[in-house]
Amino acid sequence: MIITATHINYYHICHRKLWLFSRGIQMEHTSEVVEEAKLIHESSYPQRSSKYTELDLGVAKIDFYDEKNKVVHEIKKSRKMETAHQWQVKYYLLLLRRAGVPEATAILEYPTLKKTMEVFLSDDDAHYLEEVEQEIEQITRQEKVPEKINKSFCKKCSYYDLCWVE
Amino acid sequence: MKKTYYLFNPGRLSRKDNTLKFTPVDDDGKELMPKYIPVENVSDLYLYGSLDANSALYNFLGKSRINVHFFDYYEHYTGSFYAKEYLQAGKLQVEQTRHYLSDKNRLEIARPLIKGAAHNMLRNLKYYKNRGKNTTPAIDTIEQWISDIDQSQAIDQLMGIEGNIRQCYYIGIDEILKDLKMEGRSKQPPKNEVNSLISFGNMICYTICLDQIYHTQLNPTISFLHEPGARRFSLALDIAEIFKPLLVDRVIFSLLNKQQLKADDFHDGTGRITLKEKGKKVFLKAWEDRLNQTIKHRSLGRHVSYKHLIKLECYKLCNHLIGAKEYQPFKAWW
Ligand code: SF4
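Line by line, the protein sequences are chains F and U. Going letter by letter, the first sequence gives residues 1 to 166 in our numbering. Going letter by letter, the second sequence gives residues 1001 to 1334 in our numbering.
These aren't lab readings, by the way, just hints derived from the structure by calculation. Values in this document were obtained by computation on a predicted structure and should not be read as measured data. Among the hints, a few may not be true.
Unchecked claim - Taking lysine-lysine and the DSS-like style, the derived pairs with C-alpha atoms no more than 30 Å apart in a straight line are:
#1 U:1126 to U:1021
#2 U:1278 to U:1181
#3 F:148 to U:1104
#4 F:144 to U:1278
#5 U:1307 to F:148
#6 F:80 to U:1126
#7 U:1296 to F:148
#8 U:1331 to F:156
#9 U:1191 to U:1280
What the hints assert, rightly or not - Listing some non-contacts, in silico: residues in chain F with all C-beta distances to chain U over 12 Å:
#10 20
#11 26
#12 54
#13 69
#14 74
#15 77
#16 80
#17 83
#18 97
#19 107
#20 113
#21 118
#22 131
#23 145
Glycine included, C-beta positions come from ideal geometry on N, C-alpha and C.
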């Protein structure tokens, strides 16, 4: 199974979401949240193109990679899912380490909040992520869909109607 | 907000940048003032008049995920241009097929579909019973038939029960209607005004179900109650069963009883009764209002339109197919 950064992200948000996503169950892309995220991405840094390259790691695509300084830049809208964002970015760093760039670091950016955060990958982190990879395999292989989590962010999740309709 | 557009006049539809351009032509083939519709405002198109279009237009519509439904001179649904699906079906489609192939699994979906449909027919009859109409005999008989549904062990048997329920329901409808009567169901051709309206409404209901299925990952050609192939998109027939009483029939009762549609809104073409254009417009206006009407959804805790209820019904089928939750049909509770 191919584990992408999205799997890592969803693992830290909701296992049901991870299961649905990994089964190829997608929702219509009409959600305003998605729209807004795309807009931030497209408009926040219009003239960064020369310094940054897009890096395709096969299972993950890093949109803004500063090759010279070996820094991954990841842009997010709000800090609500901060832990999930951090692990997603740390996963990029793990993938880079596997690709032979162990010294890479990352910066999480929240342009709407004018905040940034540095992210590093420790050996413990790497070890943890390897365990997460195995758990993701296990969750997605299980027949039964994981339970709903009933959190306030369910309302913003694209699976909300699917999960909660009765 | 995206809207459904109904085109009645003959004319030419073309792409003009990111806009749809409709140029109507009059009876002598003379072009009239064009109308422009920004493509992002369009959810789907219903074509009643004859239309000229080229493949560039269809490519554009396909890319914009706009389905087009065609109707002939007699208002018969003749087919759809179904834009390329944008949600990959994957594992869900495998499950859908698997559920169709096993009689047991198939019945577990088909039975609630019939139950939901019957329940919603009863809702209509009871609503009018409370308003002094004599629908009690129909209600009683239908309730008896409903109690047989769980015993049914085969699809034909279930379809038989459905047929019986429907017949009782039609008798009830004649009690509800003030002037025009149905006098039994006649389809091809519809022999009177009420039958003509029901045919017209059912076709529209089928297409809206198809549109909503399109925005989920269900495959519209694999159905459970109807035999796949009964019509190309037979899953839309399944889902329409649940909604016809609530959407089509209620609109018809109200239009007829308030005399917004009368006998002279129809014409008689050698035994085939059809709506005149003005009548069609009255119906479609009421239909659109109905679809956009909202109710407070019990489990989602927010207001949803009737149109969205159809999509939610598709989600419930998805949940059943992936084993998340057994399918319970939508039952009107008001
Ligand atoms: S709605 Fe809630 S329970 Fe369902 S997938 Fe999203 S986060 Fe998980």
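Taking 30 Å as the top limit, are the C-alpha atoms of residue 1191 of chain U and residue 1280 of chain U close enough? Within the cut-off at roughly 17 Å; holds.
Would the hint linking residue 1331 of chain U and residue 156 of chain F be met if the CA-CA limit is 30 Å? Distance of about 27 Å is within 30 Å: holds.
With d taken as the least Cβ-Cβ distance between residue 77 of chain F and chain U, does d exceed 12 Å? With a cut-off of 12 Å, residue 77 of chain F remains clear of chain U, as the shortest Cβ separation is near 22 Å.
Beyond 12 Å from each Cβ of chain U, as asserted for residue 113 of chain F: holds, 28 Å
30 Å Cα cutoff - pair residue 1126 of chain U, residue 1021 of chain U: Violated: residue 1126 of chain U and residue 1021 of chain U sit about 47 Å apart, past 30 Å.
Was residue 20 of chain F rightly flagged as not at the interface, with every chain U Cβ beyond 12 Å? For residue 20 of chain F, whose nearest Cβ neighbour in chain U is about 8 Å away, the distance does not exceed 12 Å, so it is violated.
Looking at residue 74 of chain F again, its CB stays over 12 Å from all of chain U? Residue 74 of chain F is indeed farther than 12 Å from all Cβ atoms of chain U, at 26 Å.
Least C-beta distance between residue 26 of chain F and chain U, which was stated to exceed 12 Å: violated, 5 Å
Please check whether the beta-carbon of residue 131 of chain F is more than 12 Å away from every beta-carbon in chain U. Non-interface label stands for residue 131 of chain F: nearest chain U Cβ at 26 Å, farther than 12 Å.
Hey, is residue 69 of chain F genuinely clear of chain U, shortest beta carbon separation above 12 Å? Its Cβ never comes within 12 Å of chain U, the nearest being 38 Å, so this holds.
Non-interface claim for residue 107 of chain F versus chain U (Cβ beyond 12 Å): holds, 33 Å
Below or equal to 30 Å on CA atoms is what counts here, so check residue 1307 of chain U against residue 148 of chain F. holds, 26 Å
Hints 1, 4, 6, 10, 11 and 23, counting from the list given before, are not met by this structure.
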